[in-house]
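The primary structure of each chain is shown beneath.
2 protein chains.
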Amino acid sequence: MKFSSKIERCELSPMRKYAPYADAAKARGMHIYPLNIGQPDIATPKEFFEAVRGFDAPVLEYAPSGGVAEYLDAVRGYYHRLGHTDLTDANILATNGGSEALMMTMACLLDDGDEILVPQPFYPNYTTFVGLSGGKVRPIPTRAEDGFHYADRAKIEPLINEHTRAMLITNPGNPTGAVLTRGEMRMLAELAHEHGIFLVSDEVYREFSYDGEQMASMLEFREADENVIIIDSVSKRFSACGARIGAVISRNEAFMSEAMKFCQGRLCCPTIDQVGAAALYSVGPEYFAAVKEEYRRRRDTAYDMLMQIPGVICRKPEGAFYLMAKLPVDSTDRFQLWLLEHFSASGDTVMITPGEGFYTEPGRGVDEARLAYVIEHDDLVRAMRVLAQGIEAYNNR
Amino acid sequence: MKFSSKIERCELSPMRKYAPYADAAKARGMHIYPLNIGQPDIATPKEFFEAVRGFDAPVLEYAPSGGVAEYLDAVRGYYHRLGHTDLTDANILATNGGSEALMMTMACLLDDGDEILVPQPFYPNYTTFVGLSGGKVRPIPTRAEDGFHYADRAKIEPLINEHTRAMLITNPGNPTGAVLTRGEMRMLAELAHEHGIFLVSDEVYREFSYDGEQMASMLEFREADENVIIIDSVSKRFSACGARIGAVISRNEAFMSEAMKFCQGRLCCPTIDQVGAAALYSVGPEYFAAVKEEYRRRRDTAYDMLMQIPGVICRKPEGAFYLMAKLPVDSTDRFQLWLLEHFSASGDTVMITPGEGFYTEPGRGVDEARLAYVIEHDDLVRAMRVLAQGIEAYNNR
Numbered sequence: 001m002k003f004s005s006k007i008e009r010c011e012l013s014p015m016r017k018y019a020p021y022a023d024a025a026k027a028r029g030m031h032i033y034p035l036n037i038g039q040p041d042i043a044t045p046k047e048f049f050e051a052v053r054g055f056d057a058p059v060l061e062y063a064p065s066g067g068v069a070e071y072l073d074a075v076r077g078y079y080h081r082l083g084h085t086d087l088t089d090a091n092i093l094a095t096n097g098g099s100e101a102l103m104m105t106m107a108c109l110l111d112d113g114d115e116i117l118v119p120q121p122f123y124p125n126y127t128t129f130v131g132l133s134g135g136k137v138r139p140i141p142t143r144a145e146d147g148f149h150y151a152d153r154a155k156i157e158p159l160i161n162e163h164t165r166a167m168l169i170t171n172p173g174n175p176t177g178a179v180l181t182r183g184e185m186r187m188l189a190e191l192a193h194e195h196g197i198f199l200v201s202d203e204v205y206r207e208f209s210y211d212g213e214q215m216a217s218m219l220e221f222r223e224a225d226e227n228v229i230i231i232d233s234v235s236k237r238f239s240a241c242g243a244r245i246g247a248v249i250s251r252n253e254a255f256m257s258e259a260m261k262f263c264q265g266r267l268c269c270p271t272i273d274q275v276g277a278a279a280l281y282s283v284g285p286e287y288f289a290a291v292k293e294e295y296r297r298r299r300d301t302a303y304d305m306l307m308q309i310p311g312v313i314c315r316k317p318e319g320a321f322y323l324m325a326k327l328p329v330d331s332t333d334r335f336q337l338w339l340l341e342h343f344s345a346s347g348d349t350v351m352i353t354p355g356e357g358f359y360t361e362p363g364r365g366v367d368e369a370r371l372a373y374v375i376e377h378d379d380l381v382r383a384m385r386v387l388a389q390g391i392e393a394y395n396n397r
Numbered sequence: 001m002k003f004s005s006k007i008e009r010c011e012l013s014p015m016r017k018y019a020p021y022a023d024a025a026k027a028r029g030m031h032i033y034p035l036n037i038g039q040p041d042i043a044t045p046k047e048f049f050e051a052v053r054g055f056d057a058p059v060l061e062y063a064p065s066g067g068v069a070e071y072l073d074a075v076r077g078y079y080h081r082l083g084h085t086d087l088t089d090a091n092i093l094a095t096n097g098g099s100e101a102l103m104m105t106m107a108c109l110l111d112d113g114d115e116i117l118v119p120q121p122f123y124p125n126y127t128t129f130v131g132l133s134g135g136k137v138r139p140i141p142t143r144a145e146d147g148f149h150y151a152d153r154a155k156i157e158p159l160i161n162e163h164t165r166a167m168l169i170t171n172p173g174n175p176t177g178a179v180l181t182r183g184e185m186r187m188l189a190e191l192a193h194e195h196g197i198f199l200v201s202d203e204v205y206r207e208f209s210y211d212g213e214q215m216a217s218m219l220e221f222r223e224a225d226e227n228v229i230i231i232d233s234v235s236k237r238f239s240a241c242g243a244r245i246g247a248v249i250s251r252n253e254a255f256m257s258e259a260m261k262f263c264q265g266r267l268c269c270p271t272i273d274q275v276g277a278a279a280l281y282s283v284g285p286e287y288f289a290a291v292k293e294e295y296r297r298r299r300d301t302a303y304d305m306l307m308q309i310p311g312v313i314c315r316k317p318e319g320a321f322y323l324m325a326k327l328p329v330d331s332t333d334r335f336q337l338w339l340l341e342h343f344s345a346s347g348d349t350v351m352i353t354p355g356e357g358f359y360t361e362p363g364r365g366v367d368e369a370r371l372a373y374v375i376e377h378d379d380l381v382r383a384m385r386v387l388a389q390g391i392e393a394y395n396n397r
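So the sequences go chain by chain: A and B.
Residue 46 in my numbering is what sits at position 46 of the first sequence, and the numbering runs on without skipping anything.
Residue 106 in my numbering is what sits at position 106 of the second sequence, and the numbering runs on without skipping anything.
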């Protein structure tokens with residue numbers, strides 16, 4: 001019995017291979033600083049738990065397929081405060097996290113053999129969502145030396161062909177932390193509009209922009225109303241990853257109708273988590289200011305300490321909570337295994353995410369790694385010292 | 001800009017068309033008895049809400065992709081009590097309801113052009129899950145006169161061809177309420193094994209079997225270990241539809257590995273709902289006995305009253321909480337619209353689910369309807385009287 005070619009093209013998480021080595025290191029008494037995870041450590045606002053505890057109904061019923069009214073209202077209110085006051089609940093569908101928003105969008109847009117442009121390096125699960133639809137990622141190349149910036153019309157336009165259905169961007173970026181300027185965003189919107197392709201803009205890190213454009217959204221470029229599809233989520237915005245509540249947002253009515261077929265097929269998103277997620281949107285601007293300041297401080301520390309390591313290539317990232325860098329090692333994969341098996345900085349070691357998993361072609365990104373700064377500042381300082389010592393010891397082994 | 005052929009082949013819920021008519025009827029002051037919904041009215045066990053309220057962690061983190069340990073343990077324990085004591089957590093993946101278990105399974109099994117056998121009439125969302133994978137439903141025909149029973153080797157075997165990847169059954173059945181005998185189950189398992197196809201057994205109504213086989217599962221037929229994939233859910237079992245927690249269960253290791261790729265892609269199911277779902281499995285047998293007795297009583301009432309209507313064709317269904325019947329009307333679709341627009345039994349009317357939505361071919365099931373007995377017994381009695389009066393008045397109009 002065979003499996004579908006679609007699922008066979010997908011891959012298990014590349015990080016799984018390190019788990020047994022990490023377990024063995026822990027069993028030897030090693031402490032591992034996790035710079036490899038995307039799970040924020042910031043406390044989830046208490047509003048979520050209060051709303052969940054306050055849920056009172058004798059029967060936990062199905063929610064409407066498009067979303068619980070109070071959640072849709074909360075998301076709409078958030079976008080109205082951003083200035084998109086024309087949006088109604090009809091422009092918003094509740095999803096099981098940003099993940100389902102992506103899966104749903106790819107299912108609606110891509111057939112077997114269709115292509116979607118994605119700046120590379122990119123979030124590895126994009127490959128799964130695109131692959132399950134039968135489509136194919138066509139990477140837009142970037143370089144560490146340029147801070148992984150990709151918004152260059154001359155670079156993107158030649159990649160568009162008759163199979164191209166969409167462009168998928170992450171802004172602020174994962175794994176790169178790169179943030180588009182308003183001018184770059186406008187150019188991408190115009191490009192999508194001119195070529196009649198969808199622009200799927202994954203903006204789940206919207207609040208986490210430290211230097212340049214603040215709280216930007218592709219929804220601003222109204223000539224591309226029919227092209228733009230926003231992927232959103234409470235996961236990073238409110239440190240509520242386990243709620244699995246996101247949204248797909250678009251002014252393209254035909255798209256929203258197609259996406260509703262998917263929503264009705266899976267019936268609904270969890271009722272109680274939607275109630276909790278709605279309450280999250282009641283937190284005030286002071287919450288975001290504090291979280292952003294904390295991440296900015298960590299970003300500065302991580303970047304400054306990284307750049308003190310001889311041979312590292314990285315441009316200061318402007319957003320999200322990741323750094324992507326070229327490290328002065330032959331292979332970040334071999335380096336990670338060595339860090340777990342053979343290294344100890346007074347009983348400490350560190351985990352990073354080797355770069356290869358963020359590229360479609362084998363052999364790309366072999367000397368790159370993603371670092372996530374979602375651990376406390378003091379731990380981050382220690383982790384970066386351990387990393388610096390590790391690189392030196394690895395190259396002198 | 002075009003959409004994928006896969007999503008274009010899917011359809012919006014056929015029930016949507018009645019909503020404006022129902023709203024208009026309500027606005028005129030009519031009371032509508034809902035025999036059209038699959039949302040149980042039985043109270044969700046308090047264990048769910050207590051576990052959810054007791055959840056205490058500063059950060060609502062991602063759960064493991066395969067499921068929260070306590071939920072997997074609870075499901076495993078349940079299956080051990082059913083006698084499947086060899087199952088481990090590795091045979092179980094947590095899913096976003098039975099819906100995602102089905103979507104995941106179809107994504108793993110079906111490519112464009114592949115076929116899956118499904119006894120017809122069937123749950124309409126199967127078309128969406130199969131369609132999103134690019135596959136095609138090949139219906140196994142049944143008749144109301146035979147109680148929609150389909151487990152006939154001579155009828156099924158000729159439908160298997162080189163494109164057939166799987167058979168998908170619902171047992172107890174939705175919309176038919178038909179329950180397989182142990183002998184029929186064994187025959188289907190053997191058939192799948194002999195022909196090297198998967199047997200996807202949707203057993204979300206397992207507890208709701210009133211006459212014949214009790215608590216049966218395709219997991220019993222060990223020669224088909226590699227073929228059998230179970231779709232499960234807490235939705236109906238514990239009247240917890242809004243939790244969106246289900247499971248896919250199989251002894252086929254290769255399948256579980258492929259399914260894990262899907263799970264890792266969407267990261268995880270909601271953390272708190274899994275904790276609540278785990279607690280549901282702690283309810284004792286007295287809960288199931290009481291719920292089953294209540295549904296059995298309603299089934300008997302609904303069936304007995306239905307059969308007093310001249311011209312109705314229905315065999316007493318053995319399970320789930322549905323009846324599927326041929327009604328003595330020219331079209332259950334037109335009848336439903338007429339019930340909402342032109343009928344009143346002292347201010348009452350009734351909604352049913354017209355049969356066409358449960359068939360792939362237009363024109364099939366036009367005089368059939370599904371009735372769900374998920375309303376209180378007294379209301380059910382009144383609803384059935386209203387239905388009988390409605391049929392008489394419709395045919396005398």
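Hints are not guaranteed to be accurate.
Identical chains blur together in the list; that is why a pair holds if it fits in one copy or across any two.
[Stated by the list, open to error] Calculated pairs, SDA-like style, for lysine to any residue (alpha carbon to alpha carbon, straight line, at most 20 Å):
| id | residue 1 | residue 2 |
| --- | --- | --- |
| 1 | 2 | 382 |
| 2 | 136 | 3 |
| 3 | 2 | 195 |
| 4 | 2 | 162 |
| 5 | 17 | 136 |
| 6 | 292 | 43 |
Calculated directly from the structure, the hints in this document are not laboratory data.
None of the values given here were measured: they were computed from a predicted structure.
Status of each hint after checking the structure:
no.	hint	verdict
1	2 to 382	neither (49 Å within a copy, 52 Å between copies)
2	136 to 3	both (19 Å within a copy, 15 Å between copies)
3	2 to 195	between (38 Å within a copy, 13 Å between copies)
4	2 to 162	between (31 Å within a copy, 12 Å between copies)
5	17 to 136	neither (25 Å within a copy, 36 Å between copies)
6	292 to 43	within (13 Å within a copy, 43 Å between copies)
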